[in-house]
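Chains as they are written, first to last, in the numbering used here: chain A, 224 to 507; chain B, 28 to 387; chain C, 14 to 246; chain D, 1228 to 1612; chain E, 9 to 301.
It is possible that part of the hints are untrue.
[Said to hold, decoys possible] No farther apart than 30 Å at their CA atoms in a straight line, the calculated lysine-lysine pairs in the DSSO-like style are these: (1) 295(E) with 265(B); (2) 31(C) with 172(E); (3) 295(E) with 85(C); (4) 76(C) with 172(E).
[Claimed, not checked] Covered by chain A, per the in silico footprint, the following chain B stretches (three or more residues, Cβ under 8 Å): (5) 213 to 222; (6) 228 to 239; (7) 259 to 267.
Keep in mind the hints are simulated off the structure, nothing from the lab.
This one's a predicted model, so the numbers in the text were calculated from it and none came from an experiment.
Note that beta-carbon positions come from the ideal geometry of N, C-alpha and C, so glycine has one too.
The primary structure of each chain is shown beneath.
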Amino acid sequence: MANDREHRTKMVPVPSKAIIPERDLDKTPILEASHLGIDFGGLTAVDDFNLTIGRTEIAGLIGPNGAGKTTVFNLLTKVYQPTRGTILLEGKDTHGMNTIQVNKLGIARTFQNIRLFDNLTVEDNVKVGLHNQMSYSMFSGVLRMPKYWKQERIAHERALELLSIFDMQDLADHKAGALPYGAQRRLEIVRALASNPSLLLLDEPAAGMNPSETSELMDNICKIRDTFQIAILLIEHDMNLVMGICEGICVLNYGKIIAKGTPEEIQANPQVIEAYLGKKKGEN
Amino acid sequence: MSKIKKLNKTTRSNFITYAIVIIAYILSQIFSSAGIMSNSLRGQLVPICAYVVMAISLNLTVGIMGELSLGHAGFMSVGAFTGVITAISLQDSVTSGPLRLLIAIVIGGIMAGIFSLIVAVPVLRLRGDYLAIVTLAFGEIIKNIVYCLYVGMDSNGLHIGTVSIEALQMEDGATTIINGPMGAVGITKLSTLLAGFLLILFSLFVVLNLIKSRSGRAIMALRDNRIAAESVGISPSKYKLMAFVTSAILAGMAGTLYAMNYSTVAAKKFDFNTSILVLVFVVLGGIGNIRGGIIAAVILTILPELLRQFSEYRMLTYAIVLILVMILTNGAKARQFLERIKGSLRFIKKKSDGGGAVNG
Amino acid sequence: MLKVNDINVYYGSIHAIKGVSFEVKEGEIVTLIGANGAGKSTTLNTVSGLLDSTTGDIEFMGKSLKGIAPHKIVGMGLAQVPEGRRVFQNMTVQENLEMGAYTRRTSEVKDSLQDVFQRFPRLYERRKQVSGTLSGGEQQMLAMGRAMMSKPKLLMLDEPSMGLAPILVEQIFDIVKELNSAGTTILLVEQNAQMALSIADRGYVLETGKVVLSATSAELLENDAVKKAYLGG
Amino acid sequence: GKATPADSANPADSAGKATGNPIKIGGIGPLTGGAAVYGNAAKHGAEIAVEEINALGGIQFELNFQDDEHDPEKSVNAYNNLKDWGMQILCGTVTTTPCIAVAPNSFSDRIFTLTPSASSPEVIKGKDNVFQMCFSDPNQGIASAQYIAENKLATKVAVIYNNGDAYSTGIYEKFSAEAATHGLDIVSVTTFTDDSQNDFSVQLADAKSAGAELIFLPIYYTPASLILNQAESMGFEPLFFGVDGMDGILTIEGFDTSLAEGVMLLTPFAADATDDATVSFVTKYNEKFSETPNQFAADGYDCIYALYEACTAAGITADMDTETICDKLIEAFATETDEDGNVTKEGLVFEGLTGAGSSMKWAKTGEVFKAPMAVVIKDGVYVGM
Amino acid sequence: MTVLSNLINGISLGSIYAIIALGYTMVYGIAKMLNFAHGDVIMVGGYMAFCAMTYLGWGVLPGILLAVIICTVLGVVVEKLAYKPLRSAPSLAVLITAIGVSYFLQNTALLIWGSDPKVFSSVVSLPSLKLFDGQLSISGVTQVTVISCVIIMTALVLFTSKTKIGKAMRAVSEDKGAAQLMGINVNSTISVTFAIGSGLAALAGVLLCSAYPTLMPTTGSMPGIKAFTAAVFGGIGSIPGAMVGGILLGIIEIFGKAYISTQLSDAIVFAVLIVVLLVKPTGLLGKPINEKV
Ligand SMILES: Nc1ncnc2c1ncn2[C@@H]1O[C@H](COP(=O)(O)OP(=O)(O)OP(=O)(O)O)[C@@H](O)[C@H]1O
Ligand SMILES: Nc1ncnc2c1ncn2[C@@H]1O[C@H](COP(=O)(O)OP(=O)(O)OP(=O)(O)O)[C@@H](O)[C@H]1O
Ligand SMILES: [Mg+2]
Ligand SMILES: [Mg+2]
C-alpha cells in the first residue's frame, strides 16, 4: 500500500554515532507479505493477508478484538509458521526460518501481554536485546578476555543510550519485573530496538497508558523512526495514536483485510466504522 | 570500604562470596593445624567442598537456567568413576599425587560433560517436570549401569566387562578398579582440603563469570521468558546446552573430588536421594543465589552430625529442622516480616548516610 | 455502600497506599483515576481482600471487611474484574463464566449465562474454546462477563477498556451504564479518564498512593490540572 | 580417651575390678533408612552383650552405636564422631560397603575393628587389624555350591540375586564358579535391585521355564519372603536354598511360615536353637525389644563377647591407648599357621551363638573360621540337616 | 502364552503404580506441587491397616476404612502445617518441604514400628482367575486393583470436570487470586484435594501391601518415585494419563526384564521413558502446552 510513499526526511539530532545503524536507504520495501494465512484447528485466524511496508514507514494494523492482528505479528516473527503465503523480508523469502533467524534478518517486536525478563535489571534486559551485536564467546566471557571488557563497555553505553530515548536511564539498575506498567511497555520497545531491527512491530504499545502518556509515546515512536531510520508496524486500539502517527493503515476483520489506506480514508470507510470504530468515532 | 561501595552491586556481591570462601578456608586451616577441630568436622571438610561445588553447579541448572533437575548426582557419579579409573590407571605413570588428582578431576569433568550431551537432546525439547523426570531417569540409568560394570587393570591395560571381575580374565596381581555393585574399591585417597578449596574457587569463577557475561544473560533471559528471548535472536538450544553441559562438568569434577576422598565409592551413593540433597542446598540457599547455596551446603552437611546427640531421634529432628527452615525462610508471613525489617534498616541507613550521597 | 477509611498498604517495604479514604454510595458510579503506579489496582485488591491493609478500615454494606477472607467478601456481593483479566486459561469460556457464578446456586445461573452471551456474542461463538487462546480483547470480555455472573451488588472494574477496540469500549461503557441503572453500584478504574468521567457520578484522583482530589465528574472534567494530566490536553 | 595419671598409676588392678573406667567400644551401622533392620539388630544384640558383661563385674564396656544410613560417607562421619568420643575399639560397621570405606581409616588410626556382618573379603584385605564375625561371601558361595552338589539336591539350579548389592553379587559370583566345577547346571540367572524388589514374576517364570529344580537365593530375607510368596501363587514349587542373609525369615511379623516350608539355608545362627546360650539370648532380646533376634543381632552379640574374651585374655584395660589395645587384640585374635597349615600360634577360640555349636577361630587375615550349618525349615522351625 | 502372562504380570504391577499415580496427579494437578511425601502416606496407610487387622483384630473393611480415615486426616494436617505457609513461595520450596515431610513420616514410622519388616496379609480374598486351562492366572489382588483403578479414575475425572468443587479445584490450580475473586475458598479447596489424594494413598497402600506383602518404613519411597514417573509419563496433571502411564510403566518393566535383561531392567524402564518423552514431550495424554503469544 505504501511502497512508493515518499520517505520522510525529517531528522532529529541523534545522541551519538554508536546507536545509528548504518543502512542503505534504498526504496525497496522492507517487508512484503502476500497471501498469508494460518488455521488453528477449524479456525481460520488469518487469511489472504497482503501487506507491503516501506523502509521508514510507520504503518498501523487495526481491527476488532480477535481479528487476527497479533496472529499476523506471530506469523511475521515466525512464532507460528504460516499455513500459506510468503513473507519477503529485505527481499528474502523467510520460508522455513525461525524466530531467531528472522530477528537476525531485521524484525523485532513487542508483545501484547508484556514479556520482559522480570528478574533481570532494566539494563540487562536491553543488553539481552544487544546480544547479537556482541560477538565474544562463552570462553572469552568466563576468562574475562579483553574482548569481553571492550564489548561489555560498548554494550553498557549503548544500553544507556537506548534507554535514554524514553528517559529511563535512571531505572537501569531496577528489576524489570518491579517497574510500573507503562515503564515495562517502554522497556519492551527499547529491548526490541536493541536487537537492531529494520522493522519494528509494536503490539498495543499504548495499552494501559493515559492520554498524556500516550501522546508522549507518539512523539517517541516518531523519534525512533527518524533516529533509526526504520519501519514500524503497530497494532493499537487508541485511535488518537493510530490516526496521529500512521502513514498507512490496514484494517483486519475476521482474519481478512477489509480496508487499507491513509488515516483519512480509513476513518471515512463505512465498513471500518461498522466493524470497528463505532458510530461516534466515525462521526468525528 | 568506600571502594567496595563504589563497585557495582553484583560485583560487590561476588566479591563477598569469594571472600567468604577464602576466609572459611583459612580458618579451617588454622583450626585444624592448631588441633582445635574435631575429627568429625575434619573428616567432613572434603565432602563439604564436593557438595559446595555440587550446589554451585546445580544452581546453574536450577537457578540460572530455571530447569528442575532431579538427577544431578548422576553426573557426579560419572565424574567419580571416571576420575577413579583415571587416577588408578595413572598410578604408575604419574607419581605426583596432586597432579594425578588434577588429571582425574579434569577427565571426570570432561566425561560428565560428554554424558550430559547425551541427556541434552531431551533437555532441549522438554520443559519443567518432564525434564525433571528425564534427569531423574538419567541418574537411575547411570546407577544401574555401574552396578553391572567391572573394570580392572593389569599390565595389558584396562579391562572392562559386565559380568564379573573374574570374567575379565586378567593376569595375576591385577588391580580391581570397579567391582560391580561394590563400586570402586582400593582408591588411594588423594583429595585434600586444598584441592576442594581450589575446585570451589574454580566453580565460582566459572559460574559467576558466566552469569555476568553475554551468554549468562542469554541463559537467564530464556529462563524468564523464552518467547521474548527468541524474539531478540537468542537460540534456546545453544544456551540451554551451554548451561547444562557446564553444570554437568562441574558436577563431574565434584564427583571425582568426592570419590578420591574415600577408599571406596559405590554407585548407590549417587542415587535420587543425593540428587535431592543437592537440590535442597540450592533451594534452601535461595534459588539462583550462589552464595546462599554454598552456605546451605555447608550447614546441611554438618547438621546431621551435630544432631548425633539426639541418637534415634536424629533423622526425625533433621526432618523437622528442614521443614521449619523452609517455612521460616520462604513462608509468606516470614518473608513479609523480613522485608519490613530490611526496609526499615535501609531507611535508617539512608538517614544516617545523610542525604543519599552514596547513590552517585 | 463502600467506605474506605484511611488505609495503608505495603508491598514488603514499599508503601503503596498511604492513607487512602473514599466512599461509594449505593447506586453510584465512582471512578478512580491516576497515572501508572498511582495505586489504583492496589486499592481495589485491598477492598476485595486479596491484599491486607495495615491500618484503617473498609466497610461494605455496613460491615467491616477487616479480617474477612476474599471468598467471603465475594459472597457478600462484591465482584472484581481484575487487572490483566486473569481468566482461567485452561478452562473453556463457558466454564470460566460458570466459575463466576460459583457463589450462586447452579439452577439460578442459566439466565445470567444467557444474558452474558447476549451482550457478548463473540463469547457465545467461542464458548467451547479454551480461554488461553482467546485474543486479548476476547479475554477482556470474558473477564467482564465472568464478574457479571455473580450478580454483584458492587462491581469493581480495573481498566475494563484496556486493549479493546473502540466499538467495544463504547459497548463496555454502555454495559456498565446499564448494569448501574439496573441497580449495580460501580467502582471503576480507568486510564481512559475522559470516558470514565463521562459516565461516572463522582471521581477520585490518586497520585502516588494518596487521594489528591475528589469531586463530581463534571467538576473534574473542568479541572485544569486533571485536564492536563489525565485528559490529554 | 586419654588415660588420667591416677589410672595409669596402678594399671594392674583395674582389669578385674568393676571400678575401672569402661573400655569405649564404638559401633556403626544403619539405624535409619532402607537397611535399618540390619543395623538395629546388630546394635540391639551388642547392647544385650554389653549389659551382661558389665553385670559380671569384670571388664566394663561402654557402647556407643552410631547411625550411618548404610552410606559410606556417613559411616566415615560416624567413625570420626566416635573417635572424638574416644572410641578404643570399633565394632562395625554392619554393612559391607560402608565398612570398606571405614576400615582403611581404622587401619591407619590403629583402632581394632571387628565387624559383625560386613562379609566381603575387601573389608579385611590388607588390614591386619580388621576382623570379621561372619562368613566371608566367597566362603558362603563355595560352601553352598558344594553342599548342593554333595547332597545331590539338584542338578538344574536357578539363581536370583540382587545385582545392586555387594553381598549378594559376591556370593553369586563364587557360587557360579564353584557350581561349574561340581557339575551343577545353572539354568537361569536373574537379578533385581533394591529399586525393583517388589515383583519377581519374571525371575520365577524364567526359572520355571528353564526347568530349575532348585533356586539359590543369595539374598536377604525381606525380598526372599516376597519370592516365596510369589512362587506359591504361581504354583511353582522348587527347592529354595538360601544363605545367612535368609535367616530372619521365620520371624518376620505376620509371615506365613508355611510358605518357607522346605527352604534350606546355610546359616551360623538359628533363633530357635535349644542350646542355653541361644535360648537365653532370644528371651532377653524378646523382652527388651519385643522382636525375635535375627543373625545380625546374634553377630552383634557375639562380637562383644569375642572382644570381651580377647580383652580378658590380653589383659586390656581402659587406660591403654588405642594402638596398644589394637596390637594386643590382633595378637589375641589371630591364629597363625605355617605353610602346611599347622598351627604355630593359638589365637582366640570362641564359642558363640553364631558358631553353630562349634568354636570359631580367626586367621591372621581377619577371616573367621566357623562351620556353616545347613538347616531346613520344617513346620516353621529350623531343623539341622 | 508367556507373552500373555508377562502382559498380565505387567498390568498387575502397573495397576499398583497407576493407583498411586492417581493420587499423585490429583495433588499435582490442583496444588501444583510435587508431593514427594505421597509415597510415605502410602506407607502409613499400609501400617494402619496392618495394625488394625493384626493388633486390633479388625476385619478387612474396617481396617481399610481406618487407614483411609487416618491418612485423610494426616494429609490435611500436613497440608495445613507444612505446605500452607508456603502458598506464595516458589514451587521448589514446597517440593523441598515435601521431602522434609517424607523424611519425617519415614522416621516417625521407624520409631513407632521399628525397622523390622512386617508381612501384610492380603486384604483380597478373591480367588485368582484362571484362563486357558489354568495356564494363565490373574490374581485376586490384580483384579481388585485394576478395577479400583478404573473406578477411581472415572470418579476423579467426573469429579473434577462435573462437580462444582471439582471445577473450583481446577480454577484454584490456575490462578489462586482469581479463584478467590470468584468466591472460592482456596484453602478449603486445597484441603479437600489433599484429603482425596491422601485417602487414595491409603487405598493404594493397602493394595500395594496386598500385592507385595512386606511393609517397612521405606516401603512407600520407591513405588512413590515410580508412580511419580508414571504420572509424568502419562502427562502430569492428566488423570487418565496417570492410569495409562502407570500401567504402561508396569508392562515396560516386566517386558524389559523378561525379554532384555533383568540386570538392566531399571535402566530399560527409564530409557524407554526418555524415548517416549522425546516423541511426546508432554507425556502420553498430556495436553501440549499452548502458550498464547
Ligand atoms: N494458538 C491459538 N489456538 C487457537 N486459536 C487461536 C490461537 N491464537 C489465536 N487464536 C484465535 O485467533 C483469533 C485471532 O487472535 P489474535 O490474538 O490475533 O487477535 P487480535 O486481533 O490480536 O485481537 P486483540 O485486539 O483482542 O488482541 C482469536 O479468535 C483467537 O481466539
Ligand atoms: N506485587 C508488587 N510488588 C511490589 N510492588 C508493587 C507490586 N504491585 C504493585 N506495586 C507497586 O505499587 C504501586 C501501585 O501499583 P498499582 O498496580 O496499584 O498501580 P495502578 O495505579 O493500578 O497502576 P496501573 O495504571 O499501571 O495499573 C506501584 O508503585 C507499583 O510499582
Ligand atoms: Mg492482539
Ligand atoms: Mg492497575
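Cross-check of the supplied hints:
no., hint, result
1, 295(E) with 265(B), "holds (26 Å)"
2, 31(C) with 172(E), "violated (40 Å)"
3, 295(E) with 85(C), "violated (34 Å)"
4, 76(C) with 172(E), "holds (28 Å)"
5, 213 to 222, "violated (count 0)"
6, 228 to 239, "holds (count 4)"
7, 259 to 267, "holds (count 4)"
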